[in-house]
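Given chain A, work out where chain B should sit, using these hints.
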Amino acid sequence: MESEAGKNPVLVIPCSGIGKVQGLLSREATYLATDEVATGVTDTLCLALLVTGDEDAVAKVQTHECITIDGCAKACARKNTEIAGGRVAKAVQVADALKNHRGVQPGTAEILTLDGWSVAREIAEAVAADAERLQAGEEVAP
Amino acid sequence: MSDPANADAIKVGIISCSGEEIPEGTISRLATLRVLRTLRPDASVTICLPLFLAGEGGERSFAKTHPTITVDGCEKQCARWGTEKYSGPVARSLVVTDMLGTDSAGCRRSTRSPGPPDEKAVRVVSEQIVSALDEVLQEQGTASPGGDDG
Numbered sequence: 002m003e004s005e006a007g008k009n010p011v012l013v014i015p016c017s018g019i020g021k022v023q024g025l026l027s028r029e030a031t032y033l034a035t036d037e038v039a040t041g042v043t044d045t046l047c048l049a050l051l052v053t054g055d056e057d058a059v060a061k062v063q064t065h066e067c068i069t070i071d072g073c074a075k076a077c078a079r080k081n082t083e084i085a086g087g088r089v090a091k092a093v094q095v096a097d098a099l100k101n102h103r104g105v106q107p108g109t110a111e112i113l114t115l116d117g118w119s120v121a122r123e124i125a126e127a128v129a130a131d132a133e134r135l136q137a138g139e140e141v142a143p
Numbered sequence: 343m344s345d346p347a348n349a350d351a352i353k354v355g356i357i358s359c360s361g362e363e364i365p366e367g368t369i370s371r372l373a374t375l376r377v378l379r380t381l382r383p384d385a386s387v388t389i390c391l392p393l394f395l396a397g398e399g400g401e402r403s404f405a406k407t408h409p410t411i412t413v414d415g416c417e418k419q420c421a422r423w424g425t426e427k428y429s430g431p432v433a434r435s436l437v438v439t440d441m442l443g444t445d446s447a448g449c450r451r452s453t454r455s456p457g458p459p460d461e462k463a464v465r466v467v468s469e470q471i472v473s474a475l476d477e478v479l480q481e482q483g484t485a486s487p488g489g490d491d492g
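So the protein lines, in turn, are chains A and B. Each residue of the first sequence is one higher than the last, beginning at 2 in my numbering. Each residue of the second sequence is one higher than the last, beginning at 343 in my numbering.
Okay, chain A solo, but in the shape it has when bound (with noise of 0.2 Å):
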């Protein structure tokens, strides 16, 4: 990765999976990470964009470093984000969350309850200080 990397927003781009509670939970956290919790520090694209290889897309992750977040063991978003070229410095996978909160009901495709919120909030603190690492040129645990 350049070094002009550094500089720029860190790319999160979750999963887009449309069927179960993880893939909103992996957009949420996102949008909490890029409006609230990190804004200015982290940015995001359209996993589809990317998937169909659109030029500003493709070259947007391989200029930029990215943390992808995944629904389900598929891993679309790190696999989608390694095809086209980016870096993935962090891999996270909503399922790892959300063993740290067995028997919570986080809600369901279409909407988080209080309990998804907090695992979306914890996740979104998470990706936020590994983009802040990641911006100031540091490595972070994969």
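Since the hints were derived computationally from the structure, they do not count as laboratory data. Among the clues, some could well be false.
Said to hold, decoys possible - Restraint-style ranges between C-beta atoms, simulated for each label pair:
#	chain 1	residue 1	chain 2	residue 2	range
1	A	GLN63	B	PRO458	36 to 42 Å
2	A	GLU83	B	ARG454	29 to 35 Å
3	A	ASN101	B	GLU461	28 to 34 Å
4	A	GLU111	B	ILE352	22 to 28 Å
A virtual CB, placed ideally from N, CA and C, is assigned to each residue, including glycine.
Just chain B, lined up with the frame of chain A:
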């Protein structure tokens, strides 16, 4: 992914854009889910778009085995172009910005605390998806099994 449980019934595939960057992406996903879960649960299925686009044969055969409606958030139409490139022609393609015009201006991409503009946008788009779905089923010679139209 919501998979067809009854292989005998024709189900229409609805592929929503992922559109994480824009409110219209959230509208397209929520409208698609409203059709799948409430308005036409027995006549529709879906698949995550990036999974479909990056998937293997099974996932990519989706539009070959289902008449498919794409719902895109913006004029880039990733859902439509991706589906047609990797799987086959779509039966209908809908674009949220065409349907809503400036009405999406007050909408947000987060689902937290949705306001009246968000709810109206999802309602309008889901109703247009249902209209398209019913047309497709008619063309296929299958009456819509219906659902909760409210």
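Evaluation of the provided hints:
Separation of GLN63 (chain A) from PRO458 (chain B) is about 41 Å and conforms to the stated range, judged on CB atoms against 36 to 42 Å. For GLU83 (chain A) paired with ARG454 (chain B), a C-beta distance near 30 Å keeps the hint of 29 to 35 Å intact. In this structure the hint that ASN101 (chain A) and GLU461 (chain B) lie 28 to 34 Å apart at CB holds, the actual value being about 33 Å. Checked against the hint of 22 to 28 Å, the pair GLU111 (chain A) and ILE352 (chain B) passes, with Cβ atoms roughly 26 Å apart.
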